[in-house]
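Enquirer: Spelled out from the first residue to the last, the chains are:
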Amino acid sequence: MKKLRERAAELLSQGVVSLVLGYEEGTKRPRPLFCRNSVNAEKLIFDSRCIHNLAVYITKKELVGKERFAVTAPISTLRSIMQLFVENQLNEEKLLVLTVDLNGELREFTTFDEIAAYVAQFELKRGEREQELLSKIEGMTREERWKFWMEEMSHCFKCYACRSACPLCYCSKCVVEVNRPQWINPWPAPLANMEWHINRAMHMVGRCTACGACGDACPIGIPIDLITRKMMEDMAPEFGYIPGQPAKQGNALSTWKLDDREQFIR
Amino acid sequence: MSKIGVFICHCGENISATVDVERVAREIGGMEGVAHAIDYKYMCSDPGQTFIKEAVKKYGLDGVVVGACSPRMHEPTFRRACAEAGLNPYLCEMANLREHCSWVHEKSEETTEKAIDLVKMLVEKVKKNKPLDSIKVPVTKKALVIGGGIAGIQASLDIANTGHKVILVERDPSIGGHMSQLSETFPTLDCSQCILTPRMVEVAQHPNIKLYTYAELESLEGFIGNFKAKIRLKAKSVNYSTCTGCGACIQKCPVKKIPSEFNAGLGTRTAIYVPFPQAVPNKPVIDRVNCNYYKRGACKICEKTCQVGSIEWDKEDEIITEEVGAVVLATGFDVKGTDFFPEYGYGQYKDVLTGLQFERLASASGPTFGEIRRPSDGAVPKKIVFIACAGSRDPAKGIPYCSKICCMYTAKHAMLYQHKVHDGESTVFYMDIRAGGKNYEEFVRRAIEEDTVNYVRGRVARVYEKNGKLIVKGVDTLLGGEQVEIEADMVVLATAGVANCGSEQLAQKLHVSYDPYHFFAEAHPKLKPVETNTAGIYLAGACQAPKDIPETVGMASGAAVKVAALFSNDELVREPVVAVVNRLAPPLYSTCVGCFMCETACPYNAIEHEEIKGRDGSLIRNSARVNQGLCQGCGTCVAFCRSKSIDIQGYTNEQVYAEVMSLLND
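Heads up: the sequence lines are chains A and B, in that order. With the first letter of the first sequence counted as 1, position 60 gets the number 59 in numbering that gives the first Met the number 0; the numbers rise by one all the way through. With the first letter of the second sequence counted as 1, position 92 gets the number 91 in numbering that gives the first Met the number 0; the numbers rise by one all the way through.
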């Protein structure tokens, strides 16, 4: 952590980057810090409590295309950054990624390949909470599952916090705001909620890297992150992808190759 | 509010017999936004079209729905009528009341209600239609012909003679194809090479034809009028600009025992070779698989022999790119070998030949200089048996079709044999004689009556060797299934004509469809025999199905005319049914965020990157853009776009949504 602060201060004072995006102590847990000068760099922290996915900020138009900036990223954020690279949302020249590895060493990345090589060492595993809930859901029949999710989704009041928290929801106009035609009814109601959540899930297939930010953000605690996570787990092996390891080979659902591995379709 | 005109066609009785067309017109007439609705017996007729034109003017219509047949035939008719009345043609749509309704349902209340629904959907769609302009794309007036057999030669010459450039690509070291291997041709018995070789020379000397021999198509991109072909020029190892074609290297080459492809394996050739004496170009290539130098690193005798130093050992394959506007596929066919037939000895008996091998024996340029001799001992066969339909018309062998040419060439072979071996005895086993063609039947009768060829209707069950003779066991089905056994000196199998090797891969490279036997598929079996389903790619000759020389030449000229017709325009007019990525006023510029998932989904490579820049030149955003020339309007990108930033013109999300909702909101 000391090395991170020193390096951040150095980068800022030397003008290599104009902003370091990181974490500082909050009231209950760490919160994002937009660090623009070397004095503030002293506040930077980086530990296992830093789960807020900062990748959500790096596609904002206030940051993109202007100065170079740095972002501190744990593994889950690195995965999001990789997916953003795959989706042509990041500029390697304008981004510096900082992380602290298991030995406490500071690591710096500038390219997709460097991040990919680092992330490849880490297998994406289910946490305790995910494991417990998913195995419960996996044990249900189709009808029970539908009932479970209808019940969960009926509490949703469409605050779209899930969308705001997701680093991959970077569209300047979301499908829920498209009104010619009005694909999704805008009001919160069980069916209209389901329309949104099914759409959100379908838009995430082959893209979600299971950072869990959407689930964390939900103010009423709907475990919506499990839907996209489970879809990724199911889909990745069928199409020859490694879960949580985005690759520049096109989206699983958009591409077709002669030597595709998707035997289950043939 | 919209002013839509609706015109319901009776199609004679095709629609009105099962659909209450008057009720359809009446009910649709009451819909919101419909200004005028009528029904008429033949909407496509001149008075029918006049109704539409007059209504457009009289009611100031801003949309037209014609409830009639499939749009495939008459959409252009009605759109033209609207255009003549001053309405943008793309504001006219058709509801298919015939194929989608009256033809597939019984007469009933429900049938009429379905017809009403179909029209209603289109009315709702047309309300959202926008005027569109057709797209014009330039045409590259240069054709690519693949395959240098008689089909490719004829197509190339015909196109070149209309004044357009042609690139002819041939896989082998010489053009000529199968026709150059033939001895004489039915039904006139003129010498194949005598009529072919002048054409080959004409190809080589034609100022409009660029000939690439020993070359293959690597890839083809693009679309009608604008293809980009990558052609692999295989390394010939001989510099053609200096080589004089003297042939000294061929004389000296020590590797002499390679089975000659030209002689269908009956003769041999050297490793540096010209396939046959009349080859075009008449210059050798080195067969690197068999050459001593490439195999073992030593020899180079040809290099020492060559007076002009034309041997290029290190020459590598070269890939060139040519831009062309049309492609003619003329890759021909192949024949099954004798090894395909276990009942006739698996190709183990030397004196069991294919028809193509017999052609070489009978040919003056063949290994026996035109004398019919047994490959095993060189003796002149006194008894010869021809077996027609070897493989063809045999579902058990996977070749249920008729190879079409065998009846005729078998008659020719028997005739040639009788002409050359006067005391010989020839027998033809056949299933049926199919001699459809000018002077064909007469030709077969001549073989039977004048040249005393013994025709036996029946199949041969087995051929086996015994004491140097080939025992042919068959049955004569005309004489009550009597067993026939012939001790023959030679057996000739009229083996099935099959798709050329690699045709499947080539079809995939070109995105043309092919049939279960890997012959290329024509766009319509009757009315579009030389077109493929891919616009701008045409077929000539036996790559589409086995066919004889006159038919091949006719088809090649047909394909050439199609190419010439395409090249007679400077621009192609295309329907504007293509995808567009939206562009909006600043500061949004477009709702496209440039994730380019559409790019990975597009099967036509039509998605391009566009940098939207501010006045100061700074990048505002990367957005997708559709190349309207490449886009085929399939809509895959539309389904894939999360932010709904892409739409197909004429089939926008809004239009299709309106159609569906018109049914749901009942």
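Just so you know, these hints were derived from the structure itself, not from any lab. Be aware that one or more of the hints could be misleading.
Unchecked claim - DSSO-like, lysine-lysine: derived pairs with alpha carbons at most 27 Å apart: (1) B:K129 <-> A:K172; (2) A:K60 <-> B:K255; (3) B:K314 <-> A:K172; (4) B:K612 <-> A:K65; (5) B:K251 <-> B:K314; (6) A:K93 <-> B:K314.
Bear in mind that the values here come from a model prediction, so they are computed numbers and not experimental data.
Enquirer: Determine for every hint whether it applies to the structure shown.
Expert: Here is how each hint holds up against the structure:
In summary, the hint linking K129 (chain B) to K172 (chain A) is supported, as the alpha carbons are separated by about 23 Å, within the 27 Å threshold. At most 27 Å may separate the alpha-carbon atoms for a hinted pair to count; K60 (chain A) and K255 (chain B) exceed this at roughly 73 Å. Between the alpha carbons of K314 (chain B) and K172 (chain A) the distance comes to roughly 56 Å, so the proposed pair goes past 27 Å and is violated. Under the criterion of a C-alpha separation no larger than 27 Å, the hint pairing K612 (chain B) with K65 (chain A) is consistent with the structure, at around 13 Å.
Annotation: proposed proximity of K251 (chain B) to K314 (chain B) holds, straight-line Cα distance about 21 Å (limit 27 Å). Using a Cα cut-off of 27 Å, the hinted pair K93 (chain A) and K314 (chain B) is violated, with the two alpha carbons roughly 46 Å apart.
In this structure, the earlier hints numbered 2, 3 and 6 are contradicted, and the remaining ones agree with it.
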